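Given next are the chains, with one letter for each unit.
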Amino acid sequence: MPQPLRAAFLVLMLALLPAAGEAIYFRQQVSWKQRPKADEVDVRTAQEWQALWLDARPGEDFQREHAPGAMPLNAENWDELLPDVLKAWTPGRKLIVYCSAQSCDASREVARRLREEAGLKDVFVLTGGWEAWKTEHR
Amino acid sequence: MKMKVLLALGLLGSLSDVHASLKWEQSQVELHPAPGDATAVGTFKYTNTGNTVVHFKSVHTSCGCTTAAQTKDQAAPGESGEITATFKVGASTGVQQKSVRVETDDPNEPFTTLVLRAVIPQLMELRPTFIYWESSEAPKPKIIAVKAAKELNTRSLKVTSSNANFATKVQLAGPNEFKIEVTPRDTANPSDASLKIEPDGGGKAFYATARVVNPTRAN
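Top line first, the protein sequences correspond to chains A and B. Residues 108 to 245 in our numbering are what the first sequence lists, from first letter to last. Residues 37 to 255 in our numbering are what the second sequence lists, from first letter to last.
These aren't lab readings, by the way, just hints derived from the structure by calculation. Among these hints, one or two may not hold up.
Label-pair ranges, simulated between beta-carbon atoms [stated by the list, open to error]:
id, chain 1, residue 1, chain 2, residue 2, range
1, B, P175, A, G199, 14 to 24 Å
2, A, T152, B, G238, 45 to 55 Å
3, B, K108, A, T152, 40 to 50 Å
4, A, G166, B, A185, 26 to 36 Å
5, B, A241, A, E238, 28 to 38 Å
Since we're looking at a predicted model, the values are computed, not measured. The beta carbon of each residue, even a glycine, is placed where N, CA and C say it ideally should be.
Make the full structure from the sequences, and use the hints.
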């Protein structure tokens, strides 16, 4: 191997050392982007369902714009908003919850509470959230 | 000789990568708000241990329920400051974990994720908060299990149904535990009720929903 190439290779190897160290040291760090989970559904699939759409973003964001037919349901006003959602739901109907983007966790929290507290099944989180919905409808 | 210089430069470059100039006192804060608290506030302190000014480019939170504010737009070498994250408790319960993503112009570590963990006490747990009967179903009673927090010192519950079609009966199930039996008078027609549940010690009321529904086909 020519000397300059060998030197470049050694430099690259040396640069890899701290990177590998960081990767090992910070392996438990919260990931900003999370992988899609089994209870998530993408926009295209969700639109094929006659589901009840729930907007988990703050009330002001919902007022500004939301998916057609969506109902607001967020942790801040849970007690006030939940009864209307439960009255709109019918057995067998799927629920799709979204928040602003993939990185937000409000939709996951709303979905968890609907399952654990209200005992509803077939609750899904929209992959990519409102951002993905808007991209799909551009 | 050339090779030694290259190696030395490479080594220097790789070593500088591990020294971020913004040093955080802690990147995770756990909070235990008291029952009834509207917000939980966490503070993340930092010091610029580098030799150049660090500018904050953005501070984003992982949900609308959390806001974050920084005291300064930049940190000079040796300067300290803090970022305050405020989580609106609302009707949230249990362990809530929210992230704050800080972006700076520090080339070695442009992004930092700060974690705010709030453990919110649940004063009263209802399972489930929603019961329903399909219109073809017999009008048999269904149970809502209630667990009250010790600090409420609840000896009895008052349950008020907004619709006379749903009758309720409260039974003591153990220390701070109750069973609410809900029975619809008929399930021939759709109807619904809001059940207001109040502990005898007063304070916040809790709600459950009861419905008689027409079944729909699964989709």
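How the hints compare with the structure:
1. B/P175 to A/G199: 14 to 24 Å: 21 Å, holds
2. A/T152 to B/G238: 45 to 55 Å: Once the Cβ atoms are compared, 48 Å apart, the range 45 to 55 Å for B/G238 and A/T152 holds.
3. B/K108 to A/T152: 40 to 50 Å: The hinted range 40 to 50 Å holds for B/K108 and A/T152, with Cβ atoms some 46 Å apart.
4. A/G166 to B/A185: 26 to 36 Å: 28 Å, holds
5. B/A241 to A/E238: 28 to 38 Å: Given range 28 to 38 Å: holds, Cβ gap about 37 Å.
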